[in-house]
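Participant: Protein sequences, first through last, are from chains A and B.
The first sequence begins at 1 in this note's numbering and counts up by one.
The second sequence begins at 1 in this note's numbering and counts up by one.
These are calculated hints, taken from the structure and not from any lab test.
Be a bit skeptical, because a hint or two may be false.
Unchecked claim - Subject to a maximum C-alpha distance of 20 Å in a straight line, what follows is the list of computed EDC-like cross-link-like pairs (lysine to aspartate or glutamate): (1) 153(A) <-> 83(A); (2) 48(A) <-> 64(A); (3) 22(A) <-> 31(B); (4) 120(A) <-> 138(A); (5) 32(B) <-> 83(A); (6) 120(A) <-> 83(A).
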Amino acid sequence: MQFFKILRHLFIPHESNNQKAKILHPSSLSLIAVGLIAFQLILGFAHKAFPNVLGYAANISPAEVIRLTNVQRAANGLNALSENSILDSAALAKGNDMLAKGYWAHFAPDGTSPWSFFLKFGYKYKYAGENLARDFQDASSAVNAWMNSPSHKENILNPNYREIGIGVVEGSLAGADTTIIVQFFGAPLSGEAAIPVAKAKETLPLAVNPTPNPSFTPSPTPAEVVTYKQGTPAASITFVSPFNSTKNLSLLVTGLLILVLSIDIIVVRRRRIARIGGRTLAHLAYFGMILAVILILRAGQII
Amino acid sequence: MRDLTRHLSHYMALFGILLAGFAGLIIFSYDKNFQIGVALALSASYVAWGVTHHYLHKDLHIETFFEYLAVAVLGFVIIFSLVLRT
Chain A
1 MQFFKILRHL FIPHESNNQK AKILHPSSLS LIAVGLIAFQ LILGFAHKAF
51 PNVLGYAANI SPAEVIRLTN VQRAANGLNA LSENSILDSA ALAKGNDMLA
101 KGYWAHFAPD GTSPWSFFLK FGYKYKYAGE NLARDFQDAS SAVNAWMNSP
151 SHKENILNPN YREIGIGVVE GSLAGADTTI IVQFFGAPLS GEAAIPVAKA
201 KETLPLAVNP TPNPSFTPSP TPAEVVTYKQ GTPAASITFV SPFNSTKNLS
251 LLVTGLLILV LSIDIIVVRR RRIARIGGRT LAHLAYFGMI LAVILILRAG
301 QII
Chain B
1 MRDLTRHLSH YMALFGILLA GFAGLIIFSY DKNFQIGVAL ALSASYVAWG
51 VTHHYLHKDL HIETFFEYLA VAVLGFVIIF SLVLRT
């Protein structure tokens with residue numbers, strides 16, 4: 001009985017709470033805000049104290065990115081792309097270059113193009129393309145985001161490509177912990193000596209596709225043996241995702257407040273309660289907008 | 001609901017503020033700082049709307065102001081923490 005009285009006090013307008021659910025009182029709302037801030041501080045602390053338990057790293061396997069890419073290609077009647085270890089190394093080098101130089105773009109601030117990584121590792125291409133993603137929690141979310149972007153989708157479903165390479169790197173980019181996925185596409189030039197080497201040319205604002213250039217292009221530089229460590233999924237499993245836990249908690253708080261505000265409108269109208277305070281309908285609209293923002297915000301960016 | 005029809009122009013302004021804030025957060029999703037700025041402006045506008053509405057309705061009290069402030073701060077904290085983690 002006491003439990004129900006507490007629930008009524010918290011969530012339903014009554015004499016005990018001055019005809020307004022206790023959770024809607026400014027003191028309670030402030031307490032919830034403080035609780036949410038404390039939750040973020042705990043998340044930040046936990047990340048530093050237990051990086052292997054609560055990590056910002058994502059569970060992204062390069063093999064899974066390739067598999068999902070080929071699933072999309074198969075669904076569109078295209079041939080599967082075969083994984084090329086040189087492209088894997090080149091993609092990984094591109095990812096590490098972004099972390100080292102602190103940029104999030106197809107071209108480095110010093111002008112280094114994506115294609116220079118192909119050539120650096122000795123991959124002579126007829127066609128080449130690049131998709132980038134960061135901050136996704138899993139391979140599926142990243143591939144879905146690419147497929148929802150026309151320019152990236154065009155890269156994934158380009159019939160000219162024969163091979164694929166994936167680089168997944170984790171580190172700090174502009175002060176933020178991040179996981180970057182570099183997806184390199186290519187069609188090797190081998191066996192087609194009569195056709196000049198492709199020249200990199202940005203044809204799309206988001207994804208770049210070099211096209212064959214009939215004019216003379218200098219030969220690529222010899223392959224340079226550079227080894228990079230590919231992030232292994234087993235070592236980077238995220239047990240608690242900061243974004244998802246924040247989103248779920250926000251949904252819980254906002255959903256609860258919307259429910260209590262709706263009850264408040266009904267009860268106040270039925271009982272014809274007159275009281276001093278803010279407009280419940282306005283609060284409802286405000287938290288409704290917050291709920292829409294929570295539902296729409298997604299972790300992860302693509303270029 | 002009676003309040004909505006009685007002060008339709010007030011609520012239209014409120015819905016305009018909320019819509020603009022929502023659009024701003026979505027449109028500027030590529031810039032976290034801008035998103036935080038939009039969230040801050042949205043919260044401040046909500047408090048300003050509440051104060052203006054109650055002032056015109058001649059029932060503005062300090063408790064009412066603190067209620068709008070608490071609601072606005074909570075909304076801002078929710079958006080800020082999410083933007084921080086995207």
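Participant: Each of the hints needs a verdict: does it hold here or not?
Facilitator: Taking the hints in turn, this is what the structure says about them:
no. : hint              : in the structure
1   : 153(A) <-> 83(A)  : holds (19 Å)
2   : 48(A) <-> 64(A)   : violated (28 Å)
3   : 22(A) <-> 31(B)   : violated (37 Å)
4   : 120(A) <-> 138(A) : violated (29 Å)
5   : 32(B) <-> 83(A)   : violated (35 Å)
6   : 120(A) <-> 83(A)  : holds (18 Å)
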